[in-house]
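Novice: Assemble the dimeric complex from its two separately framed chains, guided by the hints.
The listed protein sequences correspond, in order, to chains G and D. Heads up: the first sequence begins at 1 in our numbering, then just goes up one per residue. Heads up: the second sequence begins at 1 in our numbering, then just goes up one per residue.
To be clear, the hints were calculated from the coordinates, so they are not data collected in a lab. Keep in mind that a hint or two might mislead.
Stated by the list, open to error - The calculated EDC-like cross-link candidates involving lysine to aspartate or glutamate, where the alpha carbons are at most 20 Å apart (straight line), are: (1) Lys192/G to Glu115/D; (2) Lys184/D to Glu138/G; (3) Lys197/G to Glu115/D.
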Amino acid sequence: MNINLKIAVAEVSSIVRSGVEVQMKRLSGFRFQIMEIARSEFVHEVIRTHKPDILIINPSMITGFTLQQLKEECGCPVMKCIALLYNLVDRSVLFPFDEKMNIYETNDEIRQKLERLYADEIQGVTENEEQQILSAREKEIVVCVVKGMTNRAIADRLFLSAHTVITHRRNIARKLQIHSASGLTVYAIVNKLIELKDVGKL
Amino acid sequence: MYKKGLYRETDKMSDLICDNYPMVLVMCRFGIGLGFGDKTIGEICRQNDVDICTFLAVVNFLIEGKNTLVEEYAGQHLSVEALIIYLHNAHDYFLKFRLPHLRIKLVESINDCPEDVAFIITKFFDEYTEEVDKHMRYEEKTVFPYVRGLLKGKKDAKYNISIFRKRHDQIEMKIVELKNLLLKYYPGKGSHSLNSVLFDLFATEQDLFTHNLIEDNLFTPAILALEKQI
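Pulled out of the complex, with its shape left as it was, chain D reads as follows (with noise of 0.2 Å):
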């Protein structure tokens, strides 16, 4: 089943890792901690109750990226428990740590710019962090408890994922005005603090990104098959 895509069951967890460092976080994300030696892929998965198949999926989409035969993650048997809990780690990990860090390191680097400078970076910021954190809300509180209902057999009759499919909007784009901002019009002194604000940002932008496309690509499509089976 796995055949194609660049990862299997047999592979070191430790080998996935140092090829593909952003990898780390979709393991956090699926509740997999660190210190797993020289085990398997799916020994570390049976271990932590991880659907296999589910997280060889994820990690080969990330992989393969845009290029990935989607056609391929359509027939295959997702466990849409496994992607809840994923998505949902996932929202946390935006909501509860990588934005609120990011502010914090973000008003420190700018506080030798102009006060009104910084109060509307800041601001910006702010605001950007409110529309992320609308955008999953809707997923948790809306399409997940849906998708639970689904598991234990019940329809909806008021919804269903194509809704959630039509509605779904990109929300790394006020990322990349911001990114765009401070790289063409920031008035201050750079500086290395400034600097790593600006590479988090970018890898922030590409996590949210590729956060959608999971949505978009392996969940959406999950649950469509689902639906049709009830």
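Here chain G stands alone, though its shape is the one from the complex (with noise of 0.2 Å):
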């Protein structure tokens, strides 16, 4: 299982940072990209333009600004935040989190909340690794990809709506790890789905 997620680390001392840093990438069953925030006027414009899935911030780096107002102003509504803790903090500070790290929590409570924050992602991905192998329809729909055929065209062959067959593609790339046409075709050759001389545009 690994997760994709894309993290902010807003602290103004940088050993901490990095620690934080060093502590995330040990957690396994994720990969991380970092980016870090070293001033507070900085925030905006790093989470403006990476748009992280995670904020790990010190509150006392949240000055003139609310955590409402950084994720409306920057457009990620749904970005977690979580608060850095190695200092006291009244109680009412940390009501908008998602939740809290204190610099003395070790790897398995890190990993426990982060699960928690993304439980129903973790959830997809491990069905995900459950099924990797096409269904018989999925195949059919390959093989017509592979010879050209248009969503419309595979939808009457195959007697489904354009809806379904869009739904079958999609769960295709995200099966194989795929996604496009010329890439299916090498899959649907050496997979033997198809001959070389049926495939449409060569």
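Specialist: Rendered as structure tokens:
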């Protein structure tokens, strides 16, 4: 299982920032892309440009704005916010956060918190891994795509709605991690789903 | 100015390269050759007429990778001319050397698998090369001339760098696909030469990815700043 997450760490101390980063990278099951924010005035800019999934922020860096405003102004309404704590903080300050993380926390505790925040995604990924093999229907659709048929034509041929065809194609792309038609062609030839002479547009 | 970067102009070039061998490509793209003895980065840049600040910005950006404090580079005074030379040489490297070479190696190492499979894999590779070519040609034919105009103080009423920023997409996705196809479904026997191709695919993917990062995080902001000045 591997979940990709973009994380922004906003903290003034470079030692603490780096510590958080090292700790995060030790968590198995997650793949992190981490960006650092060292000063309060850059929080907006970095969030706006990089749109992280999670913001781990020292509450003392939230000055002159609220988390709600930050999310709205930067176009990241679903960004999860975690308070990074190593000082005493008034409880009301912590209210808007999705989660808290103090610097004495163990690896397992951090993992459990992330797993709680991303329970749905984790379930999705696990289900994905259980079924990477294409169904018979999906194989039929791969063959049609490789022949160069449009979604409409595929729908007519297999007596499906165009909408269902699109859903199938999305599932195929997800299962195989192949997103282009030419990639599917390689897949279909290698797995003998189709012969070279039947491939459209060569 | 470079305090937070890992390397400064007083560091030896040989230390930089030995610690981070992919930087040999960066050096070459700035027009610096091998055989630099024990000279420092600053000395070598001056000798080769390369803007030191820009060289260090690229090097430190690549070394620190995604963990870089983005904000630090935004304020730096980068030489746009030097960046264009760097990017142009990188394009040449991919299109005239890396991809053609990779193709030769690929074709050679899959020749024992069924003919139709070899054909379709080669075709996939060719389509990919075509995509990279199109992507980079746009930058060469449209973006760079526009920027060169800006440097001369000419603004283009119909173009600005935000157009580039919006349409600039990833180009390494398809190479990831090829890599996955070979890893998961390759029907022939594995071989040393195919493994070597895989290594090259991994390296090229990384190289293209960081190339785009430089365009998005160093080049584009520098042009945005330039546009504001004029």
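Novice: Taken at face value, is the distance from the CA of Glu115/D to the CA of Lys192/G at most 20 Å?
Specialist: Since the Cα atoms of Lys192/G and Glu115/D sit roughly 13 Å apart, the hinted pair holds (cutoff 20 Å).
Novice: When you check the alpha-carbon spacing of Lys184/D and Glu138/G, does it fall within 20 Å?
Specialist: Distance ~18 Å between Lys184/D and Glu138/G Cα, so the pair holds.
Novice: Regarding the pair Lys197/G and Glu115/D, is the alpha-carbon distance no greater than 20 Å?
Specialist: Roughly 12 Å between the alpha carbons, so the hint for Lys197/G and Glu115/D holds.
The earlier numbered hints are all upheld by this structure, with none contradicted.
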